[in-house]
Structures are given as C-alpha cells and as structure tokens.
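J.: Start counting the sequence shown at -14; every next residue gets the next number (the numbering used here).
FYI, nobody ran anything at the bench for these hints, they're computed from the structure.
Be aware that one or more of the hints could be misleading.
Think about it this way: if two alpha-carbon atoms lie no more than 30 Å apart in a straight line, the pair counts; the simulated DSSO-like pairs of lysine-lysine are [as the list claims (entries may be wrong)]: (1) LYS234 <-> LYS111; (2) LYS227 <-> LYS111; (3) LYS202 <-> LYS111.
Fair warning: this is a prediction, and the values are worked out from it, not measured in the lab.
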Amino acid sequence: MQSLFSSVYCVDTGAGSGQYNMDFDVRLMRAFTDGSFQREFGGGCCLWRFYAWSPPAVSLGRNQNPAEIDRERCRAEGVDVVVRPTGGRAVFHADELTYSFFADTLLPNEVIYQMVHETIARALSKVGVTAEFCRSQPDFRSRYACPESVSCFTASARYELQVDGRKIVGSAQRRNGHVLLQHGSLPLSMRHRQLSRYLAGASRELVQAVDADMERKTASLDEFADTGYADLVPLLIAEAGKSFGSEAKMLTLGEIGRLEGFQQSL
C-alpha cells in the first residue's frame, strides 16, 4: 500500500473530564494548524488519539441549542456538559471508546471519513465483530427538524459503521484550511441510550420516542463481544499503521504537552 502519510502517530490519553477531552482535541487541531506538531514530529504525518470519559458527559454539537439539555439534572448527577468543536447532535458519553484523527491533508473529507472507519472496522473484526458501512446519506436538515433528532446516534451518515443495520460508531469532522479533525464514539455498553434522561423539559412522549429511536437504530459493543477499552486500543493502533502504510509510533502525554503553544489558553 502506498503511504498517504509519512508517519502515523498515536496517543492514548485515557479517561478525562468532558472539558479536558474537548480542550485536548481543540489544542491538537491548533497544533496541526499552526504547524507546531509538524515541526516537532515531521511534515506529512497524522495522529490518532484514543480516550474515554470520567465522569460521564453529554456533548453537544457546536451549533446545537444548549437549552435542549437539562444542565441542573446533569450537575446533580455528576454528568459534565460540553460543546464539541464539530457539528452534529447530542451524545451521552459513559462506557465508551472515543477516537480523534488529525491530519494536514488535501484529501477530501469523505475520503478520510471512509478510511478512518475502515481502520476501525478492521480492528473490530479482530474481536469477531463485523461492521459495515452505511451506504445512504440522510437529509440531515429534515432530520434535525424532528424533536427526537436530539441524539446524534440515531442518524447514520454515509460510511459510518453499523452492525446488523444499527449504528455502532458515530463520527463528525471539522476542517480548518488543510487541517482536518475527525472524532467519534464507539459505545462499549448500552449506557449511551440514557441520553433522554438529560433532555430539558421533554414530554413523556418525546422521551419515549427518543428511547425507541435509540433502541432501534443504535448498537453497543457488548452486544457482540466481551471486549473493552484496554483490548481495543492496541488493535486500533496496529490497524492505524496498516491503514496508511506505516507502522504507528506511540507518543506520550509529556511529548504532546511540550508542543509549542500547546498549554496556551484556548
């Protein structure tokens, strides 16, 4: 396979708060945009980040109405509320493996979207899970007009991953010039379906509609394999290198933290 990137880097940042996780992604995107990552680790490279959430969090798409989430209930139950740098709708992050992919690339967004999900699908195949692409593209404008569309996981975009016709990885992108951030969620248990618990002022009918939509359209890894975060990350790292024709190199938090300007306020 011809290498699309000169080097493939990976970092496992483990479990962090909602604000820590989103700030880390924003800082990494800034490091690619201002060139500090490339100056430190070489041009033409890409980076995968793997992480989890502690405490659980609700993340909102950057253009989503924050009034849709009951912040008081979230605060009372120890659930963070954050805004993602990408679009889309709300996600409840609890038992989950989350990834981010960064690259300074002229490749179209759709090409990266497909390649990243191919990598994840190959890692899932190593634990006996057959994930396939969603082949259709919904009308998101019409979808978002529906009250039950508050959940990001109930609409699958082309090249997102499904198992038995249900979404198992939800992803979103943001581009700044040549720099692309893609990040997404792989639920390890069904806890992601608890999103309706944190909707603000939702009627009983809306809660039931959201719950039914989540049950019908979403999946979690524990339905298909007895595999967790610690098992999957090494598989993803191995497949990340294979995907782009270069063995992945691991970075430490210390190496990332020493990037020029990384610790500056956002």
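J.: Does each hint hold? Answer for all of them.
T.: Checked hints:
{"no.": "1", "hint": "LYS234 <-> LYS111", "verdict": "holds, 21 Å"}
{"no.": "2", "hint": "LYS227 <-> LYS111", "verdict": "holds, 14 Å"}
{"no.": "3", "hint": "LYS202 <-> LYS111", "verdict": "holds, 24 Å"}
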